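Chemist: Protein chains in written order, with the working numbering: chain A, 134 to 522; chain B, 134 to 522.
To be clear, the hints were calculated from the coordinates, so they are not data collected in a lab.
This one's a predicted model, so the numbers in the text were calculated from it and none came from an experiment.
Just so you know, same-sequence chains aren't split out, so a pair can sit in one copy or run between any two.
With a cut-off of at most 27 Å between alpha-carbon atoms, the simulated DSS-like pairs for lysine-lysine come out as follows:
1) Lys310 <-> Lys218
2) Lys445 <-> Lys177
3) Lys445 <-> Lys218
4) Lys501 <-> Lys177
5) Lys441 <-> Lys218
Protein chains: 2
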Amino acid sequence: MLTPPVNFEIQATEGQARAAVLTTRRGVIETPVFMPVGTAGTVKGMRFEELESPELDARIILGNTYHLWLRPGIETIRAGGGLHKFIGWERAMLTDSGGFQVWSLGALRKITEAGTEFRSHVDGSLCFLSPEVSMEVQATLGAEIAMVFDECAPGEATLDEARRSMELTLRWAQRSKDAFDRLQSEVLGDETKTKDQRPKTDLGQALFGIIQGAGHLDLRRESLERTVEIGFDGYAIGGLSVGEEKHVMMDVIEDIAPRMPDDQPRYLMGVGTPEDLIEAVARGVDMFDCVLPTRNGRNGQAFTARGKLNIKNARYALDQNPLDEFCSCSVCRRHTRAFIRHLYQSGEMLASMLLTHHNLAFFLDTMKRVRQAIRSDQFAKFRRDYTGS
Amino acid sequence: MLTPPVNFEIQATEGQARAAVLTTRRGVIETPVFMPVGTAGTVKGMRFEELESPELDARIILGNTYHLWLRPGIETIRAGGGLHKFIGWERAMLTDSGGFQVWSLGALRKITEAGTEFRSHVDGSLCFLSPEVSMEVQATLGAEIAMVFDECAPGEATLDEARRSMELTLRWAQRSKDAFDRLQSEVLGDETKTKDQRPKTDLGQALFGIIQGAGHLDLRRESLERTVEIGFDGYAIGGLSVGEEKHVMMDVIEDIAPRMPDDQPRYLMGVGTPEDLIEAVARGVDMFDCVLPTRNGRNGQAFTARGKLNIKNARYALDQNPLDEFCSCSVCRRHTRAFIRHLYQSGEMLASMLLTHHNLAFFLDTMKRVRQAIRSDQFAKFRRDYTGS
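Based on the provided sequences and hints, a complete structural model is requested.
Modeler: Structure representation (structure tokens):
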């Protein structure tokens, strides 16, 4: 029997919160973990050297199947030796399935049993994404963790709509799993491939299932149960932070996270603010990704210990303080709000670079402190101090 | 008597080429040196940490008086404690006078004996720059080296036009010197200023004169002679690379550089390609600045040992080589042409960041090799190998 593609070992718990170690063929990831989003093979505005520096020490980043499939295209990435080699990132990666991205296209896409038809945002060509295509693309990308191809229901979906969507996601989950298993055995068993073309070890990719069901807890529970029946290496809560009210999101997490398999990673997709992350950790979630630190950084917003700060604000024009006086990142050690505001007003790239760096440092440091708190049985206090909960 | 604001010591020569050490109150600069351009207080797309890293080790960068004066404005920079403190750069800087920038505005500016009137490109307001204003702004910026406020003649200027322009520049040079001396003695002698507001040592700023005269060698010689009569800490050749033919530029450098004071720094403004730099060093020039590595980088062009490379070119789509196979910079060690082309085609900031980094590494490394060659009496060979001259 092969070694499992990822290994997950819980080392400390406090209430529902867990501090664990997720071992992949590209390094060890301490959880709870925040994964910076690297949409098109780059965490926008960041050199990989910065992500690897002790200050940020991002152990895993996310790649978007939809974006990479459309551009540069899978042949280019295959020629480059897979996503890691193509972009020059040796640490772990997770790829999403493209399901959420094509769903987000709204009127521009058509969903059928077979899959999703849509027009490329790059060149307008007609494209088709399905569980089988997504699995094939993700196998070529070669991230340590791949995701099933799912469908998402809108935040305000009725019970009927949400059920239809959940049933489709379950059928697609099974098809994803079948296609994934075929591809993995091909890769692992293919003696015609040179050593370099095959995985570095006998660990192949891991595949995570996705729980859907909108804000309907009964559907969410059914989705969880039937997804676990198919059997995956980890499980994600999808379809949140898509327009529903905040309390709906927390209700779903509170109800579902603790029911997810205890001995496998739990991943909350696309969420959220530092407060959201801490609240989700308190409910048993291990992994997160979100564009907030990067996208908001480019839009002039900094996350700080005292809340959000909009650098465009005229009040910062002469402000000689760092973005966050409690932060020890290289941006806060060196640059003032006045300077970063000047850069932003002047349309200088460095504004985005500095704000993104600080925001990622802030998110990654927050998660580090979360892990330390759980390990020292101080998480309840940490959470109370941070969020007032 | 006060210690001079900069000290210049020639340590080796080969033909006209000189290897020297320029000591400023913010560190030691080995020449010949290339100064990256930091227009608005940022070398576009670069973190200062990268500029300081051993790989690039930029000892001095340039700031643009025109841009900084208009935005964020001199009050903001004064409140931030001067340009170094405002932007967070502790190493040496040189500021231009704004003369060239307002001259470049063309029809948008009006030049009189008093100075230059123009409309701000930021908000359209009417502005006036003169020797006295430029000196005051540059004193507030506080760079180690300031430049006189000059006027530039077009590349194809007639003898009469060029003479008129040169005579104006000479009168402005004297006014710049007078204003500069007043400001320096005020700063140095002002006992009402706290220690922090005064220069760190008894070294004030240095002021360089600028030689004009378009492509007319007799005017250039006269400009040199009369500028030296006024007396400055160093001398620059201005008004080149403004549309004249390449051989005109080299004729001027060849004629003028060796006649410039031997014991003071010689600075060729706004020039050029690596080949231009090497040819100018061979004629006795010590200092350079140019936007080529940064601006062309943002436009997708890489400088390499085998010439320029345009990353937009489809031939690089699957190219697994680094930008420059002879380069050992962090970009070339890590990333392929295929990846950087993908980033560029996708409009990703990282494309500009990587191309700029490589180009600066290439320029700075070339100058380092130039210095080593002069010190080991190998410059003639180096130049022959590099440029075929």
